[in-house]
Structures are given as structure tokens and as C-alpha cells.
Amino acid sequence: MKSLLLSHFTATSCIGRGLDQTLVALQQCRTGLLPCTFETAELATSVGEVAGIDAVQIPPHLAAYDCRNNRLAQLALIQDGFADAVNAAAEKYGRHRIGVFIGTSTSAILETELAYRQTDAETGALPDSFHYRTQHNSYSIADFTRLYFGLTGPAATVSSACSSSAKVFSSARRMIAAGLIDAAVVGGVDTLCLTTLYGFNSLGLTAAQPCRPYDTTRDGISIGEAGAFVLLEQQPAQLEDNAILLLGVGESSDAYHMSSPHPEGLGARMAMQAALDMAGLSPQQIDYINLHGTATPSNDAAEGKAVSAVFGASTPCSSTKGATGHTLGAAGALEAVICALALRNGLLPAGINTQQLDPDIPLDYLLTNREQVITRAMSNSFGFGGTNCSLIFGRAA
Amino acid sequence: MTTLTAYINGIGLLGPGLFGWSESEPILAGQRPYIKLPTALPLPMLLPAAERRRSGAIVKTTLATGLEASAAAGLDPATLACVYSASGSDGQNCHEICLTLASDDRHISPTRFHNSVHNAAAGYWSIATGAMTPISVLCAYDASFGAGLLEALTQVIVDHTATLLISSDTTYPEPLHHTRPIPDNFATALVLAPVASALSIAKISVSLTSEPAHTLSDATLEQLRASIPSARSLPLLQALAQKRNERIVLDYLAPLQIAVDITLC
Numbered sequence: 001m002k003s004l005l006l007s008h009f010t011a012t013s014c015i016g017r018g019l020d021q022t023l024v025a026l027q028q029c030r031t032g033l034l035p036c037t038f039e040t041a042e043l044a045t046s047v048g049e050v051a052g053i054d055a056v057q058i059p060p061h062l063a064a065y066d067c068r069n070n071r072l073a074q075l076a077l078i079q080d081g082f083a084d085a086v087n088a089a090a091e092k093y094g095r096h097r098i099g100v101f102i103g104t105s106t107s108a109i110l111e112t113e114l115a116y117r118q119t120d121a122e123t124g125a126l127p128d129s130f131h132y133r134t135q136h137n138s139y140s141i142a143d144f145t146r147l148y149f150g151l152t153g154p155a156a157t158v159s160s161a162c163s164s165s166a167k168v169f170s171s172a173r174r175m176i177a178a179g180l181i182d183a184a185v186v187g188g189v190d191t192l193c194l195t196t197l198y199g200f201n202s203l204g205l206t207a208a209q210p211c212r213p214y215d216t217t218r219d220g221i222s223i224g225e226a227g228a229f230v231l232l233e234q235q236p237a238q239l240e241d242n243a244i245l246l247l248g249v250g251e252s253s254d255a256y257h258m259s260s261p262h263p264e265g266l267g268a269r270m271a272m273q274a275a276l277d278m279a280g281l282s283p284q285q286i287d288y289i290n291l292h293g294t295a296t297p298s299n300d301a302a303e304g305k306a307v308s309a310v311f312g313a314s315t316p317c318s319s320t321k322g323a324t325g326h327t328l329g330a331a332g333a334l335e336a337v338i339c340a341l342a343l344r345n346g347l348l349p350a351g352i353n354t355q356q357l358d359p360d361i362p363l364d365y366l367l368t369n370r371e372q373v374i375t376r377a378m379s380n381s382f383g384f385g386g387t388n389c390s391l392i393f394g395r396a397a
Numbered sequence: 001m002t003t004l005t006a007y008i009n010g011i012g013l014l015g016p017g018l019f020g021w022s023e024s025e026p027i028l029a030g031q032r033p034y035i036k037l038p039t040a041l042p043l044p045m046l047l048p049a050a051e052r053r054r055s056g057a058i059v060k061t062t063l064a065t066g067l068e069a070s071a072a073a074g075l076d077p078a079t080l081a082c083v084y085s086a087s088g089s090d091g092q093n094c095h096e097i098c099l100t101l102a103s104d105d106r107h108i109s110p111t112r113f114h115n116s117v118h119n120a121a122a123g124y125w126s127i128a129t130g131a132m133t134p135i136s137v138l139c140a141y142d143a144s145f146g147a148g149l150l151e152a153l154t155q156v157i158v159d160h161t162a163t164l165l166i167s168s169d170t171t172y173p174e175p176l177h178h179t180r181p182i183p184d185n186f187a188t189a190l191v192l193a194p195v196a197s198a199l200s201i202a203k204i205s206v207s208l209t210s211e212p213a214h215t216l217s218d219a220t221l222e223q224l225r226a227s228i229p230s231a232r233s234l235p236l237l238q239a240l241a242q243k244r245n246e247r248i249v250l251d252y253l254a255p256l257q258i259a260v261d262i263t264l265c
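Note that the protein sequences, when read in sequence, are chains E and P.
So the first sequence is numbered by the numbering used here: it starts at 1 and just counts up by one.
So the second sequence is numbered by the numbering used here: it starts at 1 and just counts up by one.
FYI, nobody ran anything at the bench for these hints, they're computed from the structure.
Since the model is a prediction, treat every value here as computed from it, not as a measurement.
Positions of the beta carbon are idealized from the N, C-alpha and C atoms, including for glycine.
Be a bit skeptical, because a hint or two may be false.
Derived list of chain E stretches under chain P, where covered just means 3 residues or more per stretch with a C-beta under 8 angstroms from a C-beta of chain P [claimed, not checked]:
# : segment
1 : 10-17
2 : 67-80
3 : 142-155
4 : 158-165
5 : 191-202
6 : 337-351
7 : 382-395
Residues from chain P that keep clear of chain E, each with C-beta distances beyond 12 angstroms, as calculated [said to hold, decoys possible]:
#  : residue
8  : S144
9  : V249
10 : D261
Chain E side only, calculated, beta carbon under 10 angstroms to chain P, not exhaustive [as the list claims (entries may be wrong)]:
#  : residue
11 : T106
12 : T112
13 : P316
14 : P362
The shape of chain E in the complex, shown without the other chains (with noise of 0.2 angstroms):
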């Protein structure tokens, strides 16, 4: 493929608002997961959740767009000048120019769950606060962020559960190759609600004390929120030293089962080898993995598999779900934000939380952090009903 730039980028979760608080986050190597005290849950598990959301104040012109995800989305729209970026990228090539392709699983959900705790005593009815399209309705937040930025071009929402917007890059990368748009807002924004605490609660996925992947006695997932973008534009002729690109991308279905990994990771095989194979790259070629590394003991050991068929032992690798806790609809934006921070800064994260490596998974799995100069990383995101997602970022130099 040609590679595309990622002129801007931002990410807000629960180590931080911004890049500048996510990155030294990762530098300390310190966790945002807290014991779960989110709304009325009753579950004895931790979860990442964002501070002040409840404070965000959405545009007047936008009010019925007001919900959690779309607060934690303009949450995170304003830090690091994003907003601007994409409001110049719009001057730059015309509004109708611009895609937006923003992966969630479960939008607004939180407000209908609350809804239905309200509805008309008499007729059933939901509340007139409750609004399907632009709360529930899983287009919501790419409507939303076109409307914030009054983008008139190609939009869709992709919701394929947790690798969602790590698919977005590629709904993106197509439109630009075909010529439908110059450049893309892509991202993901996913947040808490009784749905996915009680949902994976009940597949007994989450873990009681904050995640540990590639842990062996790894127990379960800790879900969090958070909402990441990227303005995705064609490689201009002349590139800044600390570019970033997206080199590559591989996609698969696992064919297999809803809830549970193909448990030799085929599935998870076939993603990576077509990003390598679209990135032209080898596997020798990759600096680091950040993996999808959720700390659900099938997930871990597939994906592992994986990674050794392709990589063998010694690529780098770690999950930082341990810090980020799993943001699901919006790992995949979160963690291609976390590669770019890596190659950026030099800077291989640890995977926190995690005490006694599994013996059964052969990897380089980073316990502490490595300070590295690197050129090319990959982000895996693996999602319910088998889609896979692998993507390669690199250094311009």
C-alpha cells in the first residue's frame, strides 16, 4: 500500500487526557485501573474509567447528541489541538473531502439501559430524554463527530466489537487509495455501561484484581473507556523526521466461534501476515508488538501462538491493557496511539500488573520498560464473533 500519515493523533483513557499525560503514564508504568465503583454495578472487578466526563458540556447545536460516549469522544476531540488540526485539514481540502470512520461496540448503550429504569409506568414508553438516533444508535458517534466538525463526506461507524477501530484504518486507507477522500478522522470511542460489566461477567472474563496479561495466572479482562483519533491524510512529498505512517494493514475472520479465539490463533496468524505482506516488511523488520493481550487465559494463549508462528521469540511485545484496562470499540484507536507514542518517544512500554510470565508462551514479553530507538511497530486487536486486525506503524526516520 502507500503509506499514509498520521499528521495528528490524541488518545484520552484512564492514565490520562491527552498524549503528553498517556505517555508519561507509560513511563512510570502506572495503572489507571481502580476497583469498579461505576453507577449502580454491583461486580468485584476493576475498571478504567475516565475522570470529569459528567463535566463535559456538549455544543447547544448538538444537545441531542449528549451522552457518555459522546462526551468522552469531545473529551478527548480537544486535547492535543486535534480539533484544529482537523478543522485545518478542512480548509486545507474541503470538508467534503474529509471521511470519518469511528469504531464503538456499544455507542450510548449506558443511556438505555437508564431508560428502561424509566419507562412510562403506564404505557412503557421510554422517556422523552431518550433519543435512538443520535444516542443509542451505533452511528452516533462518527455522526457526531462529523457534525462537531461540520464534515460533509463519506461516514460510516465500524462496529465489530473490540477491533473496531483498529478497522477503521482500513475502511480509510481504501477510500483515500479509491479517491473518495483525501484525508480521514478515524478513531474510536467506547465507554462504560452495565451491558458489557454484567456481559463479560457473565463468560466469566473479567478479572477480579486489575488485568494481567500473559500473566499464568491471568484471570479475566478489566474493561475501560476511552477515546482516541487519528487524522489520517496521503504522504505528502516532504516528511518531518518523527512522521509517523500507517505502513500497513491485515484483516481476518477466525470462522471459528462468537465469543471464544481459534485456539491455534489461526485467524490472529492470517491478520499479521497480511499487514506484513501489505507493508511489504518481514517479520525481522518489526520493532515491537503491542499485542491484543486482553489477559483472558484463551485469548492470551491463541494470540501467543500467533505470534510465535509468525515472529518467533524475540520481537518485543506487551499488552498494555494492564494500564489502560480493555477500552474494547476503542482498543485499536487507543493502542495505535500508544504504537505512535512508542516510536516516537523511543520508548517500549511494559505490560503492567503482570508478576509470573505464562512458560507456555514463548514471547519477548516486556515486563519493565525498554527505552529503544525503533523504526516499525504492530498493533493487534482481536474482536467477539472471530475479526481480526493487525496494523503496522512506522517512523518516517
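Starting from the known structure of chain E, fit chain P onto it as the hints suggest.
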């Protein structure tokens, strides 16, 4: 002006009174009267018995139309890249989860939970057919068919691969139905390919436009088009049924619409 050109090699259709593309073609061509009947939902025989029993309308319409389109194109569905675009997930399942979470006992069944993801039907499609190919899973509210069509065309053209587009929608029970009154289950599927085959139905050249979207002259069919996102495909399907070389404008993110220039094969 960017134009995306591809071949339609197979069609699948399921909706109220529209049981499969081959049965619906004479209706849309005006050769047989349209009689509105509730959408019939074929059992997804490719799924294992347990999954078949538990599968909801969204899985049934998705599998039925995807299989009809790929069979018409003479292609093994496992070889096709896929774009699945839906304006919502399984409405009944979503309602049941919200009811449970609003009750005193919040225990959700694990099956209900994994079936709640927007890509559940796409997941069952790959499980049923064995397709390990990429699946894009989109939602664009009422623009979901148009968003899926653009995504599939870019896949055909940029990645030079035959791609199956499935766009499906199901109904919500009350109280959600009142806020999203989709009247019945509906799905449209198209196999799009970069090169013509012996089975090609038409060549389409697709571009973005600000022209108004076409409507249907039959009032009952127009009601379907206007009330179900995946039925926004009907003007295109009607032109194909009537074997007209024509320029059709489909509803997308108004005022941004999609123009389709049809050349029959």
C-alpha cells in the same frame, strides 16, 4: 469526480412479500403484483443445531441473502471478502438485555451477551460459511446501505477482490420500536467483482452526488424503501429487474447521495 466501477455478479433479497431475488425480480419488474406479507425467515441450515435454534432474525436474513447472492454469482462464499452493514444489531436481543439490566436480577445469559455485538450476524456468516476473509462491519443509521456499498466498492477496486455486501435490518419490540419503527425484517446482498464473469448482471459506475435520491412509484414499496435502511437499495434492484440502463440515485447521507450508472451485461 471519482467514479468506482464494478460488476454485480449476484443478488440476494429478503423482505416483506419479497422472498428471494429470483421470486422478487418479476414483482419489481412490474410483471407480478406486489403483495405485502410478513418477511419469511429461512432457517440457517449451515449453522450447528444449537446456534440455528438460537439465531435471531438478523442472522437468518443475513445468511439467507448472502448465500443467495454468492450462489447466483457461482462463487464459494468462503472465498469472498465481506462487508456487513446494518442500522442496528439484533433488536429483540438488545431489548431483553436492557430489560434484565433494569430488573433486580442483572444476570445476562452469556449467549445473549455475545449475540449483542453489532457484528454478531457477520460472525455467524463466517462461522457458517468457513470464510476467513476480512469482514468490514458498518453502521450508518439510515445511510447503512449506501455506506456498505461504498465500502464494498472500495474493497473491490483498491484490493482488487470480489466482495459480498450484505445489508440487513431487523425490528425492535416495544418500547424501542416506538423510537425506531422499522416495520419488518429486510436484507439485501450483492456480489461485486472487479471483472465481468459469464454470470455478471450489470456493470455499475458509482459516484457521489448531491442529486435527490430516487423514490419508487409503487406506494407500498416506497414505504418499505423509506422505512428500512437496507431497503434503500430498492431503486437499484428495481432498475436491474426492469433491465434498464439507467442512472439511479440512492439515499446516503443527504444531501450527499450515491449515483449508480447501470450498464446491463
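Going down the list of hints, with the structure as the test:
no., hint, result
1, 10-17, "violated (count 0)"
2, 67-80, "violated (count 0)"
3, 142-155, "holds (count 6)"
4, 158-165, "holds (count 5)"
5, 191-202, "holds (count 6)"
6, 337-351, "violated (count 0)"
7, 382-395, "holds (count 5)"
8, S144, "violated (8 angstroms)"
9, V249, "holds (16 angstroms)"
10, D261, "holds (16 angstroms)"
11, T106, "holds (8 angstroms)"
12, T112, "holds (6 angstroms)"
13, P316, "violated (27 angstroms)"
14, P362, "violated (25 angstroms)"
When the structure is compared with the earlier hints, violations turn up for hints 1, 2, 6, 8, 13, 14 and for no others.
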